[in-house]
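*Asks:* Chains A and B, in that order, give the protein sequences. In this text, residue positions in the first sequence follow our numbering: the first is 1, and each later residue adds one. In this text, residue positions in the second sequence follow our numbering: the first is 81, and each later residue adds one.
Rather than coming from a laboratory, the hints here were simulated on the basis of the structure. Note that the structure is predicted; figures quoted are calculated from it, not measured. The beta carbon of each residue, even a glycine, is placed where N, CA and C say it ideally should be. Any given hint could turn out to be false.
[To be verified] Calculated cross-link-like contacts (lysine-lysine; reagent style DSS-like; alpha-carbon spacing at most 27 Å):
| # | chain 1 | residue 1 | chain 2 | residue 2 |
| --- | --- | --- | --- | --- |
| 1 | B | K128 | A | K68 |
| 2 | B | K293 | A | K68 |
| 3 | B | K173 | B | K128 |
| 4 | B | K597 | B | K242 |
| 5 | B | K242 | B | K281 |
| 6 | B | K312 | B | K173 |
| 7 | A | K68 | B | K579 |
| 8 | B | K173 | A | K68 |
| 9 | A | K68 | B | K578 |
| 10 | B | K248 | B | K293 |
| 11 | B | K686 | B | K700 |
| 12 | B | K173 | B | K240 |
| 13 | B | K312 | B | K339 |
| 14 | B | K312 | B | K700 |
| 15 | B | K281 | B | K240 |
[As the list claims (entries may be wrong)] Just some of the chain B residues that point at chain A, by a computed CB distance under 8 Å:
| # | residue |
| --- | --- |
| 16 | S149 |
| 17 | R153 |
| 18 | Y191 |
| 19 | D327 |
| 20 | C338 |
| 21 | P341 |
| 22 | Y349 |
| 23 | L478 |
| 24 | V482 |
| 25 | G483 |
[Said to hold, decoys possible] According to the in silico footprint, chain A covers these stretches of chain B (three or more CB under 8 Å from chain A):
| # | stretch |
| --- | --- |
| 26 | 286 to 293 |
| 27 | 311 to 323 |
Here is what each chain is made of, one letter per residue.
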Amino acid sequence: MSLPIISLDDLQQGESAIIVEIIGDDVVASRLMEMGLIEDEPIAMVGRAPMGDPTEYALRGYRISLRKSESGRVLVRREL
Amino acid sequence: MPPDTTSKDARVVALIGNPNTGKSSLFNALCGMNARVGNYPGVTVEQKVGRLSGTAEIIDVIDLPGTYSLAARSADEAVAVNVLSGEIPQQAKPEVAIVILDAANVERNLYLFSQIYELGLPVIVVMNMWDRVTSEGLTVNAELLSQRLGVPVVCTSANKRKGIDELKKTIEKTLRSPSATPQSEQFARAMFPSVFHDEVKQLTEWLESQGRKPSTYQVDRLLIDSDGHFQKLICQSGLPDIATKIDEARLRLQTAGCKVPMFETKARYAWVRKLIDGAVVRQESRSASPSDRIDRWLTHRWVGMLFFVFVMFIVFQSITLFAKFPMDGIQWLQAQASSGVEAVLDPGALRSLIVDGVIGGVGGVIVFLPQIAILFLFIAILEDCGYMARAAFVMDKLMTTVGLSGKSFLPLMSSFACAVPGIMATRTIESRKDRMVTLLIAPLMSCSARLPVYVLMVSAFVPDTKYAGGWITLQGMVLMFMQSLGAMVAIPVAWLLKKFFFPGEPATFLMELHSYKWPSPVVIYQRVWERLVSFVVRAGTLIFCTSILVWAAVYFPGDHMSLDAAVAQLEERQSEVSEMIAKQPPAPRGSEPATEDPSIANMQSKIDEAQELVNQQRSKLIEGSFLGMVGHRIEPLVKPLGWDWKIGVAVVASFPAREVIIATLGTIYSLGSDQDENSQGLQHQMQIAEWPNDGKPVFSLATALSIMVFFALCAQCSATLMTIRRETNSWRWPIFSFVYMTTLAYIGAWLTYQCFRFWS
Numbered sequence: 001m002s003l004p005i006i007s008l009d010d011l012q013q014g015e016s017a018i019i020v021e022i023i024g025d026d027v028v029a030s031r032l033m034e035m036g037l038i039e040d041e042p043i044a045m046v047g048r049a050p051m052g053d054p055t056e057y058a059l060r061g062y063r064i065s066l067r068k069s070e071s072g073r074v075l076v077r078r079e080l
Numbered sequence: 081m082p083p084d085t086t087s088k089d090a091r092v093v094a095l096i097g098n099p100n101t102g103k104s105s106l107f108n109a110l111c112g113m114n115a116r117v118g119n120y121p122g123v124t125v126e127q128k129v130g131r132l133s134g135t136a137e138i139i140d141v142i143d144l145p146g147t148y149s150l151a152a153r154s155a156d157e158a159v160a161v162n163v164l165s166g167e168i169p170q171q172a173k174p175e176v177a178i179v180i181l182d183a184a185n186v187e188r189n190l191y192l193f194s195q196i197y198e199l200g201l202p203v204i205v206v207m208n209m210w211d212r213v214t215s216e217g218l219t220v221n222a223e224l225l226s227q228r229l230g231v232p233v234v235c236t237s238a239n240k241r242k243g244i245d246e247l248k249k250t251i252e253k254t255l256r257s258p259s260a261t262p263q264s265e266q267f268a269r270a271m272f273p274s275v276f277h278d279e280v281k282q283l284t285e286w287l288e289s290q291g292r293k294p295s296t297y298q299v300d301r302l303l304i305d306s307d308g309h310f311q312k313l314i315c316q317s318g319l320p321d322i323a324t325k326i327d328e329a330r331l332r333l334q335t336a337g338c339k340v341p342m343f344e345t346k347a348r349y350a351w352v353r354k355l356i357d358g359a360v361v362r363q364e365s366r367s368a369s370p371s372d373r374i375d376r377w378l379t380h381r382w383v384g385m386l387f388f389v390f391v392m393f394i395v396f397q398s399i400t401l402f403a404k405f406p407m408d409g410i411q412w413l414q415a416q417a418s419s420g421v422e423a424v425l426d427p428g429a430l431r432s433l434i435v436d437g438v439i440g441g442v443g444g445v446i447v448f449l450p451q452i453a454i455l456f457l458f459i460a461i462l463e464d465c466g467y468m469a470r471a472a473f474v475m476d477k478l479m480t481t482v483g484l485s486g487k488s489f490l491p492l493m494s495s496f497a498c499a500v501p502g503i504m505a506t507r508t509i510e511s512r513k514d515r516m517v518t519l520l521i522a523p524l525m526s527c528s529a530r531l532p533v534y535v536l537m538v539s540a541f542v543p544d545t546k547y548a549g550g551w552i553t554l555q556g557m558v559l560m561f562m563q564s565l566g567a568m569v570a571i572p573v574a575w576l577l578k579k580f581f582f583p584g585e586p587a588t589f590l591m592e593l594h595s596y597k598w599p600s601p602v603v604i605y606q607r608v609w610e611r612l613v614s615f616v617v618r619a620g621t622l623i624f625c626t627s628i629l630v631w632a633a634v635y636f637p638g639d640h641m642s643l644d645a646a647v648a649q650l651e652e653r654q655s656e657v658s659e660m661i662a663k664q665p666p667a668p669r670g671s672e673p674a675t676e677d678p679s680i681a682n683m684q685s686k687i688d689e690a691q692e693l694v695n696q697q698r699s700k701l702i703e704g705s706f707l708g709m710v711g712h713r714i715e716p717l718v719k720p721l722g723w724d725w726k727i728g729v730a731v732v733a734s735f736p737a738r739e740v741i742i743a744t745l746g747t748i749y750s751l752g753s754d755q756d757e758n759s760q761g762l763q764h765q766m767q768i769a770e771w772p773n774d775g776k777p778v779f780s781l782a783t784a785l786s787i788m789v790f791f792a793l794c795a796q797c798s799a800t801l802m803t804i805r806r807e808t809n810s811w812r813w814p815i816f817s818f819v820y821m822t823t824l825a826y827i828g829a830w831l832t833y834q835c836f837r838f839w840s
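Sequences and hints are given; from them, build the entire structure.
*Replies:* This is how it looks when you write it as structure tokens:
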């Protein structure tokens, strides 16, 4: 059974997922990929900022802060 | 020595790495604090060159801007690529690239390395922040990595000065005998799909047929980066066909299933994974690290917000509280120096130049140092311990409502104390667009120099009406409105600047959040020192020059004979009186001090007379000075604002600093220049001033409000403008700031006057 594809922004605190795709080929997409957000890579949601945006994520052994406008570009599949 | 040239006989190496890898502390550890700082031609990217200390050969180190990639989308990245490929005029091509990695984040950092590696320069890898490796539960086998890459790997903790000597030795060794050029199979691009290699070959052949000699790296970038740096360069150089060629090639790649730009990052990260396999091991622990536990609270919905407010409170309280004493001390020293000079020199042009021009000018520069030092002390501590990124994380949402990012918060907040340190603090903003917009709206924040102007005008002209049983005063409300006016105007200004002056650059806010650590005293000391020196040397000299220029405009071309005579007479009488008082026998205990002595009282009135004469002479001279002429000339221009020529002069004379207007008004109204905002005499003189033609009072509520609005929005602060010049390395932006703010101020003052003139 394969889980549905969701946006990275939909992850709840403490959840992790596998990156499926980065939408687009513009600067934002390239920058996300350069930071290591690449398909098949696991990513975990660490916590949101007090006002709900941006959100802290963990991947490749480091922490990154992404705005909704950026994390919305990342499609993920929840890990079992 | 000009910073943009490395000396001829020096060998040159370049230091490059991701942001936040401790690159500047490594640079300082290698070169000491004597870096030559300048700007790369044509861009607002700082160029820093230092000389390696304690080596036999002369070795210059170029500190390149921190960057995540060599894809050359931003000015910083373009500079890094151009320096490494030797395309910067008057700058020798570096012989070695020192690539600094965050030892606790090797995987992500090696991405940039994989691109630099392909440029073909000999490379040294520095694993900095080595002390973090163990504390974060990592095992990194530097030797194995060195073997696999075929390049030397040095482990350092720059903030603790560990591993620096070894790095220096490695640099010397690599310069003597560069490591063998790596085989192309060792590069990450060997993992690019074969269709891509074919396209590179085709495009290279075509470019060669057009008489170009592109490097493989450049052709790679041409194909990968849509609308990238190299494409722009080559289009400009008169090869317009290239755009269609590239588009066709990309389309072919697309149909062959090679997605641009994704395949590049994918191949590079795959290469990195293979490289670090078994060499970098992370202990997977389920329990949260101490840093995570701190973070849970510091970014918590309520606690995090409260903590942020608390930190800001401490920072700004400290600036106002602790900067006060040194600033008072500086003013005291200034007064001492002035009276010292006055005691030695007779009244005249030289004395006036030294006292009013030089001492005033120097004072105008160093008075900023305490605030800059304190603000940057806090910024350095917060940055180095890792909280700064969290502060930006916490404030980002709020700042996006005005189109900026969380990183703009602290610079703007600082500008409420003073725009000079605020503008300098914008260096922490990586996005050029955000930085420029923040820097340009920072002077609109109501700084402490505006307050005296408001206080003078409010207490003299705003009726002392009280509401709600005396709890709310009209004066207080006007004061509050004036204090917040600039910030309110800044919102639409920021929006317009983003829309029309910096369009197209996308707002990304990808920010790394490092784990917390104890700040390093060495790093903090260096950062504060660097800021102070750069302010004094680069902005200070210009601020000093404007002070001298304005002094000259006030002093010339008047004939100062009678003023000098009057001043000499005044000083003579003053010293007579002090002598008389000194000669008097001490007053008997319990009786009144003997000021009642008729001869002294007589002298006192003579002193008052002499003072009166001096003030009149001053006032006459300022009217006849260049500045006075300007004032008269611009009267038609300022009349719609409800101002007479005297206000016009005072406003023009306040170009070096806003608060100067009070002293100038004092001089013009024959009260002497030592007036402050609470001076009853000045308030009274302003209240009774009349227009010469119809005898109506010059100052009404409308005029007072119009002056205040003008000062809330104008750019009358040479220190701010010179700091903008220094930070943007261009006269364009200080001129732009001055023009846009003065226009805003004029329109604002005009609207205010026109609205309120019929009111009272």
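*Asks:* Report holds or violated for the interface hint on C338 (chain B), using the least CB-CB distance to chain A and a cut-off of 8 Å.
*Replies:* violated (12 Å)
*Asks:* Given a cut of 8 Å on the nearest C-beta pair, is the interface hint for L478 (chain B) held or broken against chain A?
*Replies:* holds (6 Å)
*Asks:* Taken at face value, is the distance from the CA of K293 (chain B) to the CA of K248 (chain B) at most 27 Å?
*Replies:* Violated: K248 (chain B) and K293 (chain B) sit about 35 Å apart, past 27 Å.
*Asks:* Was the hint right that V482 (chain B) lines chain A, CB cutoff 8 Å?
*Replies:* violated (14 Å)
*Asks:* Between K597 (chain B) and K242 (chain B), does the CA-CA distance stay at or below 27 Å?
*Replies:* Between K597 (chain B) and K242 (chain B) the Cα gap is close to 17 Å, so the pair holds against 27 Å.
*Asks:* Measure nothing beyond the straight line between the CA atoms of K173 (chain B) and K240 (chain B); if it is 27 Å or shorter, mark the hint as holding.
*Replies:* violated (31 Å)
*Asks:* Against the 27 Å threshold, does the CA-CA distance of K686 (chain B) and K700 (chain B) hold or violate the hint?
*Replies:* holds (21 Å)
*Asks:* Under the criterion of a CB-CB separation shorter than 8 Å, is Y191 (chain B) in contact with chain A as hinted?
*Replies:* This interface hint holds because 6 Å falls under the 8 Å limit.
*Asks:* Just to be careful, I want the Cα atoms of K128 (chain B) and K68 (chain A) compared with a cutoff of 27 Å; is the pair within it?
*Replies:* violated (36 Å)
*Asks:* Keeping to a limit of 27 Å between CA atoms, is the pair of K173 (chain B) and K68 (chain A) held or broken?
*Replies:* Roughly 42 Å separates the two Cα atoms, so the pair is violated.
*Asks:* Measure nothing beyond the straight line between the CA atoms of K68 (chain A) and K578 (chain B); if it is 27 Å or shorter, mark the hint as holding.
*Replies:* Holds. K68 (chain A) to K578 (chain B) sits at ~20 Å (cutoff 27 Å).
*Asks:* For K173 (chain B) and K128 (chain B), compute the direct alpha-carbon distance and say whether it is at most 27 Å.
*Replies:* holds (15 Å)
Of the hints listed earlier, those the structure fails to meet are numbers 1, 2, 5, 8, 10, 12, 14, 15, 19, 20, 24, 25, 26, 27, in rising order.
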